[in-house]
Amino acid sequence: MINPVPPAAIFIIAALFVPLFKGRWKNAFMLLIPVVGLINLISIPEGTHWVVRFLDYDLVFGRMDRLSIIFGYIFHIISFIAILYALHVKDDIQHVAGLVYAGSALGVVFSGELFSFFVFWEMLTISSIFLIWARRTRAAMGAGFRYLLVHAAGGLCLLAGIVLYVNQTGSIEFGYIGLSGLGSYLIFFGFGVNCAWPFLHPWLTDAYPEATVTGTIFLSAFTTKCAVYALARAFPGTEALIWIGAAMAGFPIFYAVIENDLRRVLAYSLINQVGFMVCGIGIGTHLAINGAVAHAFNDILFKALLFMSMGAVLYRTGKINGTALGGLYKTMPLTCLFCIVGAASISAFPLFSGFVSKSMVMSAAGEGHMRVVWFILLFASAGVFHHAGIKIPFFAFFSHDSGMRPKEAPLHMLLAMGIAAFLCIFIGSFPGPLYSLLPYPVDYAPYTIPHIVGQTQLLFFSALAFTLLMLAGIYPGEQRCVNIDADWFYRKGSRLFYLIMDKGLNSLNKVSDHIFVGGLAGFLGYISKRGPEILTLGALTPLWGITGAKGKELKDKIETTRTALHTHTSPIGISAALATVFLVVIFILR
Amino acid sequence: MKNRRNTPKRGNKKNEKEKNPKSKEYLFDKPGNVKILFRSFYSALLVLLAIEFFVNKHPHFAWEEWPEFYAVYGFVACVVLVLVSKYILRPLVKRREDYYD
Numbered sequence: 000m001i002n003p004v005p006p007a008a009i010f011i012i013a014a015l016f017v018p019l020f021k022g023r024w025k026n027a028f029m030l031l032i033p034v035v036g037l038i039n040l041i042s043i044p045e046g047t048h049w050v051v052r053f054l055d056y057d058l059v060f061g062r063m064d065r066l067s068i069i070f071g072y073i074f075h076i077i078s079f080i081a082i083l084y085a086l087h088v089k090d091d092i093q094h095v096a097g098l099v100y101a102g103s104a105l106g107v108v109f110s111g112e113l114f115s116f117f118v119f120w121e122m123l124t125i126s127s128i129f130l131i132w133a134r135r136t137r138a139a140m141g142a143g144f145r146y147l148l149v150h151a152a153g154g155l156c157l158l159a160g161i162v163l164y165v166n167q168t169g170s171i172e173f174g175y176i177g178l179s180g181l182g183s184y185l186i187f188f189g190f191g192v193n194c195a196w197p198f199l200h201p202w203l204t205d206a207y208p209e210a211t212v213t214g215t216i217f218l219s220a221f222t223t224k225c226a227v228y229a230l231a232r233a234f235p236g237t238e239a240l241i242w243i244g245a246a247m248a249g250f251p252i253f254y255a256v257i258e259n260d261l262r263r264v265l266a267y268s269l270i271n272q273v274g275f276m277v278c279g280i281g282i283g284t285h286l287a288i289n290g291a292v293a294h295a296f297n298d299i300l301f302k303a304l305l306f307m308s309m310g311a312v313l314y315r316t317g318k319i320n321g322t323a324l325g326g327l328y329k330t331m332p333l334t335c336l337f338c339i340v341g342a343a344s345i346s347a348f349p350l351f352s353g354f355v356s357k358s359m360v361m362s363a364a365g366e367g368h369m370r371v372v373w374f375i376l377l378f379a380s381a382g383v384f385h386h387a388g389i390k391i392p393f394f395a396f397f398s399h400d401s402g403m404r405p406k407e408a409p410l411h412m413l414l415a416m417g418i419a420a421f422l423c424i425f426i427g428s429f430p431g432p433l434y435s436l437l438p439y440p441v442d443y444a445p446y447t448i449p450h451i452v453g454q455t456q457l458l459f460f461s462a463l464a465f466t467l468l469m470l471a472g473i474y475p476g477e478q479r480c481v482n483i484d485a486d487w488f489y490r491k492g493s494r495l496f497y498l499i500m501d502k503g504l505n506s507l508n509k510v511s512d513h514i515f516v517g518g519l520a521g522f523l524g525y526i527s528k529r530g531p532e533i534l535t536l537g538a539l540t541p542l543w544g545i546t547g548a549k550g551k552e553l554k555d556k557i558e559t560t561r562t563a564l565h566t567h568t569s570p571i572g573i574s575a576a577l578a579t580v581f582l583v584v585i586f587i588l589r
Numbered sequence: 000m001k002n003r004r005n006t007p008k009r010g011n012k013k014n015e016k017e018k019n020p021k022s023k024e025y026l027f028d029k030p031g032n033v034k035i036l037f038r039s040f041y042s043a044l045l046v047l048l049a050i051e052f053f054v055n056k057h058p059h060f061a062w063e064e065w066p067e068f069y070a071v072y073g074f075v076a077c078v079v080l081v082l083v084s085k086y087i088l089r090p091l092v093k094r095r096e097d098y099y100d
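Residue numbers (numbering that gives the first Met the number 0), protein chains in the order written: chain A, 0 to 589; chain B, 0 to 100.
Hints are computed from structural coordinates only; laboratory data are not their basis.
Since the model is a prediction, treat every value here as computed from it, not as a measurement.
Heads up, a few of these hints could be off.
To be verified - Derived list of chain B stretches under chain A, where covered just means 3 residues or more per stretch with a C-beta under 8 angstroms from a C-beta of chain A:
| no. | segment |
| --- | --- |
| 1 | 41-47 |
| 2 | 57-70 |
Said to hold, decoys possible - Straight-line C-alpha distance at most 30 angstroms; calculated DSBU-like pairs for lysine-lysine:
| no. | chain 1 | residue 1 | chain 2 | residue 2 |
| --- | --- | --- | --- | --- |
| 3 | A | K549 | A | K528 |
| 4 | A | K406 | A | K25 |
| 5 | A | K556 | A | K318 |
| 6 | A | K528 | A | K554 |
| 7 | A | K89 | A | K406 |
| 8 | B | K29 | A | K318 |
| 9 | A | K528 | A | K556 |
| 10 | A | K491 | A | K551 |
| 11 | A | K502 | A | K556 |
| 12 | A | K491 | A | K509 |
| 13 | A | K21 | A | K406 |
| 14 | A | K89 | A | K318 |
| 15 | A | K406 | B | K34 |
| 16 | A | K491 | A | K502 |
| 17 | B | K93 | A | K318 |
| 18 | B | K85 | A | K491 |
| 19 | B | K93 | A | K406 |
| 20 | A | K528 | A | K502 |
| 21 | A | K509 | A | K528 |
| 22 | B | K34 | A | K491 |
| 23 | B | K56 | A | K318 |
Ideal Cβ placement from N, Cα and C applies to all residues, glycine included.
Looking at chain A on its own, in the form it has when it is part of the complex (with noise of 0.2 angstroms):
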């Protein structure tokens, strides 16, 4: 028996190997990783392990507990199935980021300190940045710009946080933090940062949707449930999540029902998602620290699924647009089948994985007695459905016939959207593995008579309202457009910037220009040359008048001792009586 070695190592250091395989040896090599890092990471003890003294510091590069072990387990299935369905990219730069990004992300998880935490935490975004450049259009190397960008800023909020918060309690450990000074609340907006709180968000519906078909699988799952993961394990029971999450929830499906692009609609439902998750970290109750993990589980595989089936449609036909797309079931049956499964998961449907882990947060802010957070949720979940659920199936694959006729998705790209949905379908209806894997146990059933009814009549009236709507004309119809969002502040505040430096330091720059190149450097140029010259002619010439010397004479005298010094050809006489002169003029000034 191979002793186990750290989960993230597996990733991290068989990426780099990647690129010495060739065709189906390099495929069975990628798939091989996660299922190596699975059998890994079971034959781990919970516990702590893997501890590296450095410096003054234990660094743990293994903090195995329930909380981290679950989400370590659905990044090692989500990493599977996306180099499943990525299986047919021949650019290794995708391959390498992908395996590092996910490699970072159990990093993230399993690291028991702030140190190796914030390593593996910004190596989330420099392996993760190249999935969207690797799309290689001008759109995606824009978005991904202002991605890193983002990501940087977030980055060095969260270090300033962790040296004042290491500065204060001397101790690197990695836990339960809390809000209280200034060092936690840096930290605690690095990492809302990365988990899109509003205001913050727009680099995931800027760069996600630009992002290569492929690359998206990835950065769908990594980033924002790492940060949800670090909530939970620093800030449960904070009161601003509760809000925040509920923000997150609510708005995010009024931007999804105008957009265009499908894939931006997903990155919208994501925020919304990753809404229920912060809500219930915030409310802090077991019950709902376990729902937000468990649909977080959940989230990953349902998203996952309904990045593949549009990565699909858009590998097959090069559109995504909702105003291109139309009629695809009768040519994509399989995918279009996936997309309802991943779209009744989200939605919450019974017998779906999101029923019976949103609940949980629902019924946790229920039993809280929160009133506006239970209905903000609720409108929350009527509104996944309108979007994510209807909206992304029915424009792709029904609606207005768009006459393309794209043969059906590539076989390993059916094959992880099987995958994905059959384990959306098995969680749905037998939640017990999954609950036996949460933070704490759970006494919790989301079947029960009344809550299928409810939740059965909230999906249907909400269709309903589509259908209604649909029919009466007055759903608003797809356009090309633009929808500004909050990313305007600095895609269009760079230029307010970029224009305040032009003129401010431009004329600063024109100023000091006529100043010191125009101005001060002739007049020190014209002082040297002609210096000798004042001073000697200054001194010479009242001497010369005094010995007699007049008209003619006097200017002879003077136009000579010029061409002297000009050719510095000056007669001893002169020299001295300059270096005289300089003298004196020394003594005086000291």
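Model the placement of chain B on the given structure of chain A, informed by the hints.
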């Protein structure tokens, strides 16, 4: 919605169609099938409204006991969602596609 409920049925019929590739007519090209879909959808709604009276509720909040609370909320929420998005949000945020270029 209409996509969802008849999925298995459509899946089967699709397979039949695939065996006969010359046929250009697909499941929802037939108006009859769309009609069946709508009818089954509307009757499912009626069943859901009726079934509520046979359910013994144990709610967190008083309003969950109001008759047809979830049905009304789901319907109203989505109508509000669409109207707000279309008539308030879209005029505020919509820009030309090359706005940022």
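Worksheet item: Do the alpha carbons of K509(A) and K528(A) lie within 30 angstroms of each other, as the hint requires?
Response: holds (27 angstroms)
Given the hinted pair K528(A) and K556(A), is their Cα-Cα distance within 30 angstroms?
Holds. K528(A) to K556(A) sits at ~20 angstroms (cutoff 30 angstroms).
- Are three or more residues of the segment 41-47 of chain B within 8 angstroms, CB to CB, of chain A? Coverage by chain A holds here, the residue count being 3 at a Cβ distance below 8 angstroms.
Distance restraint between K34(B) and K491(A), which requires alpha-carbon spacing of 30 angstroms or less:
violated (49 angstroms)
**OP:** Measure nothing beyond the straight line between the CA atoms of K556(A) and K318(A); if it is 30 angstroms or shorter, mark the hint as holding.
**Re:** violated (92 angstroms)
Checking one constraint from the list: CA of K29(B) to CA of K318(A), max 30 angstroms. Satisfied?
Between K29(B) and K318(A) the Cα gap is close to 27 angstroms, so the pair holds against 30 angstroms.
Satisfaction of hint between K502(A) and K528(A), Cα-Cα up to 30 angstroms: violated (37 angstroms)
Task: Given hint K502(A) paired with K491(A) - CA-CA distance at most 30 angstroms - done: Measuring from Cα to Cα gives roughly 17 angstroms; hence the hint holds.
Agreement of K406(A) and K25(A) with the hint, judged by alpha carbon distance not exceeding 30 angstroms:
Given that 30 angstroms is the threshold and the Cα spacing comes to 26 angstroms, the pair holds.
message: Checking one constraint from the list: CA of K21(A) to CA of K406(A), max 30 angstroms. Satisfied?
response: holds (27 angstroms)
Are three or more residues of the segment 57-70 of chain B within 8 angstroms, CB to CB, of chain A? Per the Cβ count (9), the hint holds.
Between K56(B) and K318(A), is the straight-line Cα distance small enough, at 30 angstroms or below? violated (47 angstroms)
This entry does not satisfy hints 5, 10, 11, 19, 20, 22, 23, going by the numbered hints stated previously.
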